[in-house]
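From first to last, the protein sequence lines are chains F and P.
Per my numbering, residue 14 is the first one in the first sequence, and the count goes up by one each step.
Per my numbering, residue 7 is the first one in the second sequence, and the count goes up by one each step.
Keep in mind that the hints were calculated from the coordinates and are not lab data.
In this text, all values refer to a predicted model and were calculated from it rather than measured experimentally.
Just so you know, even glycine gets a beta-carbon here, dropped at the ideal spot from N, CA and C.
Some clues are possibly wrong.
Take a look, some chain P residues computed to stay more than 10 Å from chain F by CB distance [to be verified]:
id	residue
1	T50
2	R56
3	K85
4	R155
5	R485
6	R502
Straight-line distance between alpha carbons at most 30 Å, and here's what the computed DSSO-like set of lysine-lysine pairs gives [what the hints assert, rightly or not]:
id	chain 1	residue 1	chain 2	residue 2
7	P	K51	P	K69
8	P	K279	F	K95
9	F	K160	P	K175
10	P	K244	P	K175
In silico contact screen, one side only, chain P against chain F (beta carbon under 8 Å); selected entries [what the hints assert, rightly or not]:
id	residue
11	A286
12	P451
13	S468
14	V470
Each chain, letter by letter, is given below.
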Amino acid sequence: MVWPRIFTSTDTRRTTDTMAAQTKKTDRMTVPKTYKLYIGGKFPRSESGRTFELTDAKGAFLANVSLASRKDAREAVVAARKAFTGWSGATAYNRGQVLYRIAEVLEGRRAQFVDELVATGSTRRAAAAELDATIDTWIYYAGFSDKYSQVIGSSNPVAAPYFNFSLPEPTGVVAIVPQDSPGWRLRAIAATVAPAIVAGNTTVVAVREGNPLSAISFAEVLATSDLPGGVVNILTGDVCEFVPNLASHMDVNAIDIAGCVDGEFAREMELLAAENLKRVARPREFARNHVGSIDDIARWTELKTVWHPIGV
Amino acid sequence: MATKPNKSAAKPGATRSTKVNPPKVRAGKAGPDRWDYAPAPESTKIVQLRDRYELYIDGEWVKPASKKYFDTASPATLKVLSSVAEANAKDVDRAVAAARRAFETDWSRRSGAERGRFLFRIARILQERAREFAVLESMDGGKPIKESRDIDVPLAAAHFFYYAGWADKLEYAFPGRTVRPRGVAAQVIPWNFPLLMLAWKVAPALAAGNTVVLKPAETTPLSALLLCEVLEQAGLPKGVVNIVTGAGDTGASLVSHPDVDKVAFTGSTSVGKLIARAVAGTDKSVTLELGGKAANIVFEDAPLDQAVEGIVNGIYFNQGHVCCAGSRLFVQESVADQVLAKLKRRMETLRVGDPLDKNTDVGAINSKEQLDRITELVGSGIDEGTDVWQPSCELPRRGYFFRPTVLTGVSQSHRVAKEEIFGPVLSVLTFRTPQEAVEKANNTPYGLSAGVWTDKGSRILSMVDQLRAGVVWANTYNRFDPTSPFGGYKESGYGREGGLHGLAPYLHVD
Numbered sequence: 014m015v016w017p018r019i020f021t022s023t024d025t026r027r028t029t030d031t032m033a034a035q036t037k038k039t040d041r042m043t044v045p046k047t048y049k050l051y052i053g054g055k056f057p058r059s060e061s062g063r064t065f066e067l068t069d070a071k072g073a074f075l076a077n078v079s080l081a082s083r084k085d086a087r088e089a090v091v092a093a094r095k096a097f098t099g100w101s102g103a104t105a106y107n108r109g110q111v112l113y114r115i116a117e118v119l120e121g122r123r124a125q126f127v128d129e130l131v132a133t134g135s136t137r138r139a140a141a142a143e144l145d146a147t148i149d150t151w152i153y154y155a156g157f158s159d160k161y162s163q164v165i166g167s168s169n170p171v172a173a174p175y176f177n178f179s180l181p182e183p184t185g186v187v188a189i190v191p192q193d194s195p196g197w198r199l200r201a202i203a204a205t206v207a208p209a210i211v212a213g214n215t216t217v218v219a220v221r222e223g224n225p226l227s228a229i230s231f232a233e234v235l236a237t238s239d240l241p242g243g244v245v246n247i248l249t250g251d252v253c254e255f256v257p258n259l260a261s262h263m264d265v266n267a268i269d270i271a272g273c274v275d276g277e278f279a280r281e282m283e284l285l286a287a288e289n290l291k292r293v294a295r296p297r298e299f300a301r302n303h304v305g306s307i308d309d310i311a312r313w314t315e316l317k318t319v320w321h322p323i324g325v
Numbered sequence: 007m008a009t010k011p012n013k014s015a016a017k018p019g020a021t022r023s024t025k026v027n028p029p030k031v032r033a034g035k036a037g038p039d040r041w042d043y044a045p046a047p048e049s050t051k052i053v054q055l056r057d058r059y060e061l062y063i064d065g066e067w068v069k070p071a072s073k074k075y076f077d078t079a080s081p082a083t084l085k086v087l088s089s090v091a092e093a094n095a096k097d098v099d100r101a102v103a104a105a106r107r108a109f110e111t112d113w114s115r116r117s118g119a120e121r122g123r124f125l126f127r128i129a130r131i132l133q134e135r136a137r138e139f140a141v142l143e144s145m146d147g148g149k150p151i152k153e154s155r156d157i158d159v160p161l162a163a164a165h166f167f168y169y170a171g172w173a174d175k176l177e178y179a180f181p182g183r184t185v186r187p188r189g190v191a192a193q194v195i196p197w198n199f200p201l202l203m204l205a206w207k208v209a210p211a212l213a214a215g216n217t218v219v220l221k222p223a224e225t226t227p228l229s230a231l232l233l234c235e236v237l238e239q240a241g242l243p244k245g246v247v248n249i250v251t252g253a254g255d256t257g258a259s260l261v262s263h264p265d266v267d268k269v270a271f272t273g274s275t276s277v278g279k280l281i282a283r284a285v286a287g288t289d290k291s292v293t294l295e296l297g298g299k300a301a302n303i304v305f306e307d308a309p310l311d312q313a314v315e316g317i318v319n320g321i322y323f324n325q326g327h328v329c330c331a332g333s334r335l336f337v338q339e340s341v342a343d344q345v346l347a348k349l350k351r352r353m354e355t356l357r358v359g360d361p362l363d364k365n366t367d368v369g370a371i372n373s374k375e376q377l378d379r380i381t382e383l384v385g386s387g388i389d390e391g392t393d394v395w396q397p398s399c400e401l402p403r404r405g406y407f408f409r410p411t412v413l414t415g416v417s418q419s420h421r422v423a424k425e426e427i428f429g430p431v432l433s434v435l436t437f438r439t440p441q442e443a444v445e446k447a448n449n450t451p452y453g454l455s456a457g458v459w460t461d462k463g464s465r466i467l468s469m470v471d472q473l474r475a476g477v478v479w480a481n482t483y484n485r486f487d488p489t490s491p492f493g494g495y496k497e498s499g500y501g502r503e504g505g506l507h508g509l510a511p512y513l514h515v516d
């Protein structure tokens, strides 16, 4: 297997996150971070014990990142399912508060995220812009938590003595492969994960090899934002290896293959997803000025219609 | 006497059906509460059938390229009613081309108000010819005339009327957005509610500005073909609705046709999965309305007599050929004996027989294949140790019939509790606590519908909240309305039909 290499950076001079850079500037030995997976609110290593080496554009060592296995993917689904009842049962107001908290904590750790995005290929300016857009998206969806059901739901004037109403409910466990392209790393996670969890779904997020640093640091944001463990699980590594197991998993209700740019791979995932009729969001790109959309919330909801008799 | 439910049916089924009858079945003796009426059959004179139906493509009756025809018969009398063209891939191609042409040159260019006018006309003509459609529906499909007359046909007309009004108001359906039709819709419908399913599919598609190629079910094509006359009377432009008849292969070529933009299917979960695979990697949008194994949950505080009516309506309505049928009855243990006694007493009064008789409650099983499947599944219930009970009603000597059946001593692992039987067979399970009811009810890959019977309003809403199903009926069952969205969770499919939500699958919302 060929270990993936990171994207070319145009601005590596200013990278402060590598051990090499830090040790030169200070007498103090830095404490490099171990980038692990995020499953059920905990940070385990891959059960397989595998890692892949991430280097910067000049080939300098950045980190040994966990290479998730198929078993890790299954564990993540178990964690997501376990978290579903609690998270989908939380009040809409509470979910909104938690999403807003995610934006707050992101804001507080801007510098770290910018550094990590730069280390994995962004310019500093693009990284800052990505952070802005990411935070905007989390805040946008935070504010949608107690509104989308009023927009999507309805009361239906049936021709019989019944009170009839329709409400959106979360679909369940959603597997997500976010896009991964310049400017769309942390932002792509926000644009795909936020609309899923704001509606009460729980998620397993498959992050490509090029994007693990900011994704795992983002997991630290989630872990300190009162988001219950298991609502978002993050796996890093070779998505071609374990995403098929998510696509075919019978306890996954939906899959977003937004970032599966290889058409044949995407089609294979859709074929696997048909086995239990997962809801599928096909590969797509967001507009440059994308902040959020109610369509992306509605995508991961099921409409429930209730008939209640009217009588004395 | 031994049973005669399906003398003309399958050989293997015949031995099974002998097994499923209660040991003491008395022939010709009504139950204690049933009043026997003189037969009151609806006349079939009102229906003028052709000997042979061609394909309806681009406003013309055209001979199939396949040169093949198949018979459609009444499941109650086994009499052949007509011969129907079998469309092959070439015919489908022609129909899709006609729909594409009509979409581009005509239908999508008309104003919403104009499209609405056509739909209003169709609704009105359906109402005018309601009796004719009801009789035909019962002849071809075997459902009691009472149901086709009071439910299928009026509801079909109501769907056209409802969506007619949406055609010029789409900007209110999705405020602040711009909408445009998807294009050509490929629609494949089942045999349990042939005309109603057609209306569910065609009305929103046309209102939103799409054109349609529709394939009716193999065993019930006639009402869709008769509808072509209605379309002509309404003056609908050529090619806007095309009807291609045939079996599974025809449906497969239709949904996988490259020039189709939108696929809508109602039918079995297994075929639904094939369709999901057929559209993988394309841009087609899909809605699937598939099988179910609904839980009908009766709590001890429920109005029990009303609940028994709901149980009967839930599973014996339309011979149980209903995707949302309440096929799993969950009764709270404290009232289980009482509910079962009342249920059996009520079932003794059911009239099973001639679909065209206005007194008939339970008609004919739609086809021999379906009768075999029901017989096989009930047989599996016996093999797995459930107790079978059937009322003592007499069955007609001809045709495909099956006695309304109750299975008790059912556990969740039994096939009759897991698989969709799609027949008049109720599996009874019990529970003690609301939590247990929820867990058992949700323990299925399906999630189409559920029923809750209790006098306590807060309990209704708590159950509604926890049941993973697209439609929940509280203290009622099997209610339908054009304004009420319908569709499933999990393996019961995706997308909604009916109401404002039923428009969305037929539109690009930008």
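Cross-check of the supplied hints:
Consistency note on T50 of chain P: stated as away from chain F, and its beta-carbon is indeed over 10 Å from all of that chain's, at 30 Å minimum. Listed as outside the interface, R56 of chain P is consistent with that label: its C-beta sits roughly 35 Å from the nearest C-beta of chain F, beyond the 10 Å cut-off. Against chain F, the non-interface label of K85 of chain P holds: every CB pair exceeds 10 Å, the least being about 36 Å. The Cβ of R155 of chain P lies farther than 10 Å from every Cβ of chain F, with a closest approach of about 17 Å, so its non-interface assignment holds.
Its beta-carbon lying about 5 Å from the closest one in chain F, R485 of chain P breaks the requirement of being farther than 10 Å from that chain. A cut-off of 10 Å between C-beta atoms contradicts the statement that R502 of chain P is not in contact with chain F; the least separation is 5 Å. Taking the CA atoms of K51 of chain P and K69 of chain P, the gap is near 27 Å; set against the 30 Å cutoff, the hint holds. Between K279 of chain P and K95 of chain F the CA atoms are separated by roughly 27 Å; this keeps the pair inside 30 Å, and the hint holds.
Of the pairs offered as hints, the one joining K160 of chain F and K175 of chain P holds, with about 23 Å between alpha carbons and a cut-off of 30 Å not exceeded. Of the supplied pair hints, the one linking K244 of chain P and K175 of chain P holds, its CA atoms being roughly 24 Å apart against a limit of 30 Å. Interface restraint check for A286 of chain P: the shortest CB-CB distance to chain F comes to about 4 Å, inside 8 Å, so the restraint holds. This hint holds: P451 of chain P has a C-beta 7 Å from the nearest C-beta of chain F, less than the 8 Å allowed.
Residue-level restraint check for S468 of chain P is violated (minimum Cβ-Cβ distance to chain F is 11 Å; threshold 8 Å). Nearest Cβ of chain F to the Cβ of V470 of chain P: about 5 Å, under the 8 Å cut. The hint holds.
Consistency with the previously given hints fails for numbers 5, 6, 13, ordered from lowest to highest.
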